[in-house]
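K.L.:
Using the hints, position chain B against chain A.
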Amino acid sequence: MASHHLTGSFTYPRREMVARSATRVDRRTLLLIVGLLTLAALAGVLYLSQAGVAAELRYRLYAREDEARALWEQNLMLKRAIADADRLEVAEAQANRLGMVTAPAGGSYVAVAVPEAAPAVAARPASTGQAVGDVSYLERLAAELGWDRLDQILVLNAEHH
Amino acid sequence: MSAEFQKTKPSRLAFLAIFFAVMAAVLVARLFYWQVLRRDDVLLNTPGIEPGLGSAAWRGSIFDAHGHYLAVPSLIYDVGATPRSITDTQEVAGRLAPILGIPQDQLLEKLKQNDLSYVSLAKGVSADKGQAIKALNFFGIKLDANPGRYYPEGSGAATVLGFVNSEQRGYYGVEEYYDSRLRGSLTGNAAGSPVLLGLPIVRAPRNGADLVLTIDRVVQLDAQRRLEKALKDYQAESGCIIVMNPRTGAVLAIASAPTYDPNALSQVSSDANFVDQAVSVPYEPGSVFKMVTLSSALDAGAIRPEDTYVDTGKVEVGGRIFENWDHRAYGVTDMTGILAHSLNLGAIEVARRLGTDRFYEAVQRFGFGETTGIDLAGEVPGEVRMPGSPNWYPADFAANSFGQGLAVTPIQMITAVAALANDGRMMRPYVVDHMVADGQVIWQAQPQMVRQVVSPETAHEFTDMLIKAMPVETSLAVVPGYTSAGKTGTAQIFINGRYDDTAVIASFAGYLPAKDPRLAILVKLDRPKLQAWGSRCAAPVWRDLALDLCAYLGIPPDNAQIEGR
Numbered sequence: 001m002a003s004h005h006l007t008g009s010f011t012y013p014r015r016e017m018v019a020r021s022a023t024r025v026d027r028r029t030l031l032l033i034v035g036l037l038t039l040a041a042l043a044g045v046l047y048l049s050q051a052g053v054a055a056e057l058r059y060r061l062y063a064r065e066d067e068a069r070a071l072w073e074q075n076l077m078l079k080r081a082i083a084d085a086d087r088l089e090v091a092e093a094q095a096n097r098l099g100m101v102t103a104p105a106g107g108s109y110v111a112v113a114v115p116e117a118a119p120a121v122a123a124r125p126a127s128t129g130q131a132v133g134d135v136s137y138l139e140r141l142a143a144e145l146g147w148d149r150l151d152q153i154l155v156l157n158a159e160h161h
Numbered sequence: 001m002s003a004e005f006q007k008t009k010p011s012r013l014a015f016l017a018i019f020f021a022v023m024a025a026v027l028v029a030r031l032f033y034w035q036v037l038r039r040d041d042v043l044l045n046t047p048g049i050e051p052g053l054g055s056a057a058w059r060g061s062i063f064d065a066h067g068h069y070l071a072v073p074s075l076i077y078d079v080g081a082t083p084r085s086i087t088d089t090q091e092v093a094g095r096l097a098p099i100l101g102i103p104q105d106q107l108l109e110k111l112k113q114n115d116l117s118y119v120s121l122a123k124g125v126s127a128d129k130g131q132a133i134k135a136l137n138f139f140g141i142k143l144d145a146n147p148g149r150y151y152p153e154g155s156g157a158a159t160v161l162g163f164v165n166s167e168q169r170g171y172y173g174v175e176e177y178y179d180s181r182l183r184g185s186l187t188g189n190a191a192g193s194p195v196l197l198g199l200p201i202v203r204a205p206r207n208g209a210d211l212v213l214t215i216d217r218v219v220q221l222d223a224q225r226r227l228e229k230a231l232k233d234y235q236a237e238s239g240c241i242i243v244m245n246p247r248t249g250a251v252l253a254i255a256s257a258p259t260y261d262p263n264a265l266s267q268v269s270s271d272a273n274f275v276d277q278a279v280s281v282p283y284e285p286g287s288v289f290k291m292v293t294l295s296s297a298l299d300a301g302a303i304r305p306e307d308t309y310v311d312t313g314k315v316e317v318g319g320r321i322f323e324n325w326d327h328r329a330y331g332v333t334d335m336t337g338i339l340a341h342s343l344n345l346g347a348i349e350v351a352r353r354l355g356t357d358r359f360y361e362a363v364q365r366f367g368f369g370e371t372t373g374i375d376l377a378g379e380v381p382g383e384v385r386m387p388g389s390p391n392w393y394p395a396d397f398a399a400n401s402f403g404q405g406l407a408v409t410p411i412q413m414i415t416a417v418a419a420l421a422n423d424g425r426m427m428r429p430y431v432v433d434h435m436v437a438d439g440q441v442i443w444q445a446q447p448q449m450v451r452q453v454v455s456p457e458t459a460h461e462f463t464d465m466l467i468k469a470m471p472v473e474t475s476l477a478v479v480p481g482y483t484s485a486g487k488t489g490t491a492q493i494f495i496n497g498r499y500d501d502t503a504v505i506a507s508f509a510g511y512l513p514a515k516d517p518r519l520a521i522l523v524k525l526d527r528p529k530l531q532a533w534g535s536r537c538a539a540p541v542w543r544d545l546a547l548d549l550c551a552y553l554g555i556p557p558d559n560a561q562i563e564g565r
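From first to last, the protein sequence lines are chains A and B.
Mapping to the numbering used here: the first sequence position 50 is 50, numbers consecutive.
Mapping to the numbering used here: the second sequence position 121 is 121, numbers consecutive.
These are computed hints drawn from the structure, not numbers from a lab.
Hints are not guaranteed to be accurate.
Stated by the list, open to error - Derived Cβ-Cβ restraints for the label pairs, each shown as a range:
1. A:VAL90 / B:ALA132: 19 to 27 Å
2. A:LEU46 / B:GLU91: 50 to 58 Å
3. B:ASN137 / A:VAL53: 34 to 42 Å
4. B:LYS229 / A:ALA70: 40 to 48 Å
Unchecked claim - Distance condition first, Cα-Cα at most 20 Å in a straight line; then the derived PhoX-like pairs of lysine-lysine:
5. B:LYS123 / B:LYS110
6. A:LYS79 / B:LYS232
7. B:LYS515 / B:LYS468
8. B:LYS129 / A:LYS79
9. B:LYS142 / B:LYS110
10. B:LYS232 / B:LYS529
Quick caveat: nothing in here was measured; it's all calculated off a predicted structure.
Ideal placement from N, C-alpha and C gives every residue a C-beta, glycine not left out.
Chain A extracted, bound-state conformation:
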């Protein structure tokens, strides 16, 4: 320890002999500044880290928005397609294709049909030798509605005055 003191006394000039530097700070102040800088750096790192995460998530958000946009467009296109297919004109054209005709104004018409017991088409015996697949759509529909039992159809007779 003595040699240290000795060396010190030779290496550095005595305090009272040298003018104090204007930029020199004492150890406590230095520690305080470094501490503050460290805190600031930590805060900065935290902020930048957050910002980095935010930027990355933003990029992903853009991608998701793009997906959402594509789905949004598809959804609207589907809505339009459904609306188009459901148009009354389309239904009329389909009815015409099925052989339906415009009801005559006035006169008698079948208003209600009440099947005795709705027979399932598949359960019907193929006594005619005709496979189920050979039955036309209209025939199957009529059978499902029970319209093959004409004797049970109730006719509302709308007579002319």
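P.N.:
What follows is chain B alone, placed relative to chain A:
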């Protein structure tokens, strides 16, 4: 400061500071790299991201009473190009021209403007065409999607529905009346907001509510077709048909002509086509109004059905001479005869027996002079000059009794007639049955009685009078198999200070089945040239439509029989 802190070497602190500074520099560099250097790449790799639209809410749909689409949100596209990015302009122009409907030369001219970074090729392109262009996948062709609106039934229900403009703002009809409900709320979008300490808040978009109408599209389209056919058959200029459920006030159809295709607004020749004749255009109802006069007098006890008066063919009121429509004198006539022969002098006589005050009270009670409150944009109250007002003259009292000298809207007229069908209870007409948002019914319309205009007994008694009178007045309104009650109207039009004998408004209003009314229908034709009488042109349209609707709605005929096996 602690002793331990005091012992800390400055070199270590400096090392820590340098370490953190380096780390911060790395992060800053990374941010700089993505946010500045690679910014364009990031944006280019996510094409089409624009604030608002990517996650925009859409406008609610409109359905008819049975859930069929009447209006749906759709897409329209703005098509543009970056000319310098397009190498084969000939091919691009050649493929786009037929889709866009633009001459190829015009497109070529635009695509050759290499000094421009962007040129607009077409705006408001339909979704179908937009998708077709997208499928071509041309580099340098840009499609900007915007919200649009599609009306699948075209002009079939246009005046009831209204339309939306390019900013998705509703105009006319349901679109305007329920604009705030139909609109969705836009999302708070992340794009463009600064990166601070946290992520930007992105709110989920809220789609607009869907509306389910009381309008039945089959009834609506049938009424619209019948109206357009009538306009053609009788060479009428315009007209409207209203079909209402008298029990509830629910409107099943409002056909109006001329009309327009809301999918092709640019082709609409006149703004007048947008106007709903049923709620926005008042007219002088003519003899249809006699139903109001006679039923009110009956209700007040001023007349009985069997009462008579002597029809002399002419009467003077307030210094003005009034005559019957055929200038004839009918002699001793009972009250049903007034309806059967549509006698103006009879209506004046009944109004006199009722008295001025009670007559105008009844006019107000039936809702004339005020809006009905129907949920359609642009409803007007019409005009009824009341005694005491500066422009009211004693002669008006006589003219008003048979439906001249006052202006009512078709919706007011059918609401009044429907009240007679509904035991004297006048219902507020409405077209929206309920609203749906997020799959839940958020609002349900309830039939709303406005007031009792006549007693149930009077309503029944008056219906009996109409049943007797209608076949006499016009057999063309008789619906086979159904008893119906109604009245014709042929009103002269007031032009340049006088009533024009050649320009009339022909109408027919009535309800059926008369004893248990399910439908109240008004047919109005403006200025028919081939048939100038409501009994000749409006009545058969009314009958044909009524017959259609009875079959469609399954309303059994009065004499329905069930045939056994």
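K.L.:
For every hint, state whether the structure bears it out.
P.N.:
Hints, verified against the model:
{"no.": "1", "hint": "A:VAL90 / B:ALA132: 19 to 27 Å", "verdict": "holds (21 Å)"}
{"no.": "2", "hint": "A:LEU46 / B:GLU91: 50 to 58 Å", "verdict": "holds (55 Å)"}
{"no.": "3", "hint": "B:ASN137 / A:VAL53: 34 to 42 Å", "verdict": "holds (35 Å)"}
{"no.": "4", "hint": "B:LYS229 / A:ALA70: 40 to 48 Å", "verdict": "holds (45 Å)"}
{"no.": "5", "hint": "B:LYS123 / B:LYS110", "verdict": "holds (14 Å)"}
{"no.": "6", "hint": "A:LYS79 / B:LYS232", "verdict": "violated (35 Å)"}
{"no.": "7", "hint": "B:LYS515 / B:LYS468", "verdict": "holds (13 Å)"}
{"no.": "8", "hint": "B:LYS129 / A:LYS79", "verdict": "holds (16 Å)"}
{"no.": "9", "hint": "B:LYS142 / B:LYS110", "verdict": "holds (14 Å)"}
{"no.": "10", "hint": "B:LYS232 / B:LYS529", "verdict": "holds (10 Å)"}
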